[in-house]
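**Q** Guided by the hints, dock chain B with the ligands onto chain A, whose structure is given.
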Amino acid sequence: MTQVESKYKKLHAQIDRNNPVITLRDIHKAFGALQVLKGVDLDVYKGENLVVLGRSGTGKSVLIKIIAGLLKPDRGQVSVLGQEIDKLDTRELQALRAKIGFSFQSSALYDGMSVRANLEFPLVRNKRHLGRKEIDDAVAQVLDDVGLSQAIDQTPSQLSGGQKKRIGIARTLILQPEIMLYDEPTAGLDPLTSVEINDLINEVQQRYNTSSVIITHDLTCARATGDRIVMLSEGCFLRQGTFDEVFESDDPRIRNFYNTILLINHE
Amino acid sequence: MKAFFIRIYDIYQFIARFFREVFIPPYEYKEVFNQFFEVGIRSLSIISLTGFITGLVFTQQSRSSLAEFGATSWLPSLMAIAIIRALAPLVTALIIAGKVGSNIGAEIGSMKVTEQIEAMEVSSTNPFKFLVVSRILATTCIAPVLAAYMGFIGMMGAFVNVLRNEQTSLTAFFEQAFIKISFLDVYILVLKSAVYGFTIGVAGCYNGYNADHGTVGVGRAANTSVVVSMFLIFIEEMIIVTVVNKFR
Ligand SMILES: Nc1ncnc2c1ncn2[C@@H]1O[C@H](COP(=O)(O)OP(=O)(O)OP(=O)(O)O)[C@@H](O)[C@H]1O
Ligand SMILES: [Mg+2]
Numbered sequence: 344m345t346q347v348e349s350k351y352k353k354l355h356a357q358i359d360r361n362n363p364v365i366t367l368r369d370i371h372k373a374f375g376a377l378q379v380l381k382g383v384d385l386d387v388y389k390g391e392n393l394v395v396l397g398r399s400g401t402g403k404s405v406l407i408k409i410i411a412g413l414l415k416p417d418r419g420q421v422s423v424l425g426q427e428i429d430k431l432d433t434r435e436l437q438a439l440r441a442k443i444g445f446s447f448q449s450s451a452l453y454d455g456m457s458v459r460a461n462l463e464f465p466l467v468r469n470k471r472h473l474g475r476k477e478i479d480d481a482v483a484q485v486l487d488d489v490g491l492s493q494a495i496d497q498t499p500s501q502l503s504g505g506q507k508k509r510i511g512i513a514r515t516l517i518l519q520p521e522i523m524l525y526d527e528p529t530a531g532l533d534p535l536t537s538v539e540i541n542d543l544i545n546e547v548q549q550r551y552n553t554s555s556v557i558i559t560h561d562l563t564c565a566r567a568t569g570d571r572i573v574m575l576s577e578g579c580f581l582r583q584g585t586f587d588e589v590f591e592s593d594d595p596r597i598r599n600f601y602n603t604i605l606l607i608n609h610e
Numbered sequence: 002m003k004a005f006f007i008r009i010y011d012i013y014q015f016i017a018r019f020f021r022e023v024f025i026p027p028y029e030y031k032e033v034f035n036q037f038f039e040v041g042i043r044s045l046s047i048i049s050l051t052g053f054i055t056g057l058v059f060t061q062q063s064r065s066s067l068a069e070f071g072a073t074s075w076l077p078s079l080m081a082i083a084i085i086r087a088l089a090p091l092v093t094a095l096i097i098a099g100k101v102g103s104n105i106g107a108e109i110g111s112m113k114v115t116e117q118i119e120a121m122e123v124s125s126t127n128p129f130k131f132l133v134v135s136r137i138l139a140t141t142c143i144a145p146v147l148a149a150y151m152g153f154i155g156m157m158g159a160f161v162n163v164l165r166n167e168q169t170s171l172t173a174f175f176e177q178a179f180i181k182i183s184f185l186d187v188y189i190l191v192l193k194s195a196v197y198g199f200t201i202g203v204a205g206c207y208n209g210y211n212a213d214h215g216t217v218g219v220g221r222a223a224n225t226s227v228v229v230s231m232f233l234i235f236i237e238e239m240i241i242v243t244v245v246n247k248f249r
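In order, the protein sequence lines correspond to chains A and B.
Just so we're aligned, residue 344 is where the first sequence starts under our numbering, counting upward by one.
Just so we're aligned, residue 2 is where the second sequence starts under our numbering, counting upward by one.
Keep in mind the hints are simulated off the structure, nothing from the lab.
Glycine is no exception: its CB is placed at the ideal position from the N, C-alpha and C atoms.
Some clues are possibly wrong.
[Unchecked claim] Derived, one-sided and incomplete: chain A residues facing chain B with beta-carbon distance under 7 Å:
#, residue
1, Lys442
2, Phe445
3, Phe447
4, Ser449
5, Tyr453
6, Pro465
7, Asn469
Pulled out of the complex, with its shape left as it was, chain A reads as follows (with noise of 0.2 Å):
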């Protein structure tokens, strides 16, 4: 496997392990018959990235809904920064919602909407009383942050899969989020493009001062961006540590997954 070395050193020493950002308990899921999730526990800690892996379709955008509020659990405990999600309000939980950037599989940039609309729209939604100025300045602040300040005028479909990745980050950082939430930030990227979005990924961090949980199936970004690794199959966790420590596990679903990818990527 090709090893690419982020220019952004991961700083431990940033993380707090008293202080749980998120924090899961037995956390159930079913769509109909299909158990998607079946008792996951999890502690995020205060300026870590956490990398959750597994294979398509073992709940990982499931999990980050749920830690979201997007999706509800059929069992077991959500809290974000303190908070149950589950006895919030509408006003509540939009308060909280405010604080969390997700970055989305698909990016979700808003097609009928301009990259300025789009960048826009969580500031106005959230902070009815900025003037004209402010606005600007935040977006202008938040393209700068991504490197696609020329891009402002452009519609969705006119940017590439990375560039829409980017504007998809730069949307959730006009809020100044404590915790990112990435599903799959690199699927269907080139590798070079992945790199670079590691890199802001880590840089994000850096700047913003965030926790992240990042899920994917890409071992590179897992590496570069993971300060800490859990590997999801089946509805549970197999095993979590750093990279090298998942890694160097004898469980054959570990190693079948490490090693196919190995596989895949060599080809």
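**A** Relative to chain A, chain B with the ligands alone:
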């Protein structure tokens, strides 16, 4: 069969949610206005064209039958009845279903499968209100306006045909035309069209909102929206005509 009733209940809940949320602030004025504009503009040209041709052709076709009885002077009032009572609301609704309904289904469907609806939700925006309520309001309110407009354009088509064959003037034509048309007819045109518009909006939004994953789902949502709303419009037309004739 069980799935069918579950679906019906699901649609019932969707409609109930519309009526709940339409009255609760905050209102999405700007988006509602945008949608009024969208629905109106999108179908204006084809409604003008279809309305005029329908009026013209229908008059021409009826002419020969009436001529047998030497009753071509009845043409204006006969056409007024046909156009205002039946053709204008029905044809307008079918055009909106094809043009706007499919668009709503595809648009909301693609927003669903590319997670844009969830993105709205995490941006402190109620996507149901922003997308669904505004569109259903727009189709419901604009359909009567467009139907009335088509009624007028259709009568102009009829007028052109009458003008070519008999001596008449615009005022004389419309005076004759409206002898048989009462205020009730106009009222029913508006009411009927609002029902059709509501049907189109609900069908488009419901199918889009429940589109399943993938681009196939989007196409299916657009298609189902049109088929279902056209089918329902015909059923509603039959029911409304039956009821109205009992009271007329
Ligand atoms: N809203 C839903 N309704 C029904 N089934 C769902 C729903 N969301 C997800 N599923 C099912 O749950 C399972 C897990 O889905 P999920 O999207 O979380 O997978 P994933 O791990 O993110 O995979 P991928 O890598 O392909 O994104 C899938 O089998 C999917 O079909
Ligand atoms: Mg996924």
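**Q** Grab the minimum C-beta distance from Phe445 (chain A) to chain B and call the hint holds if it beats 7 Å, violated otherwise.
**A** Status holds, d = 5 Å.
**Q** Let's test the interface hint: is any C-beta of chain B closer than 7 Å to that of Phe447 (chain A)?
**A** holds (4 Å)
**Q** Would the hint on Lys442 (chain A) stand, with a C-beta cut-off of 7 Å toward chain B?
**A** violated (11 Å)
**Q** Classify the hint on Tyr453 (chain A) as holds or violated, based on whether any CB of chain B lies nearer than 7 Å to its CB.
**A** holds (6 Å)
**Q** Would you settle whether the hint for Ser449 (chain A) is holds or violated, based on the nearest Cβ-Cβ distance to chain B being less than 7 Å?
**A** holds (4 Å)
**Q** Verify the interface restraint on Pro465 (chain A): the C-beta must sit less than 7 Å from at least one C-beta of chain B.
**A** For Pro465 (chain A), the interface hint holds, since the closest Cβ of chain B sits about 4 Å away, which is under 7 Å.
**Q** Would the hint on Asn469 (chain A) stand, with a C-beta cut-off of 7 Å toward chain B?
**A** holds (5 Å)
When each numbered hint is compared with the structure, a violation occurs for hint 1 only.
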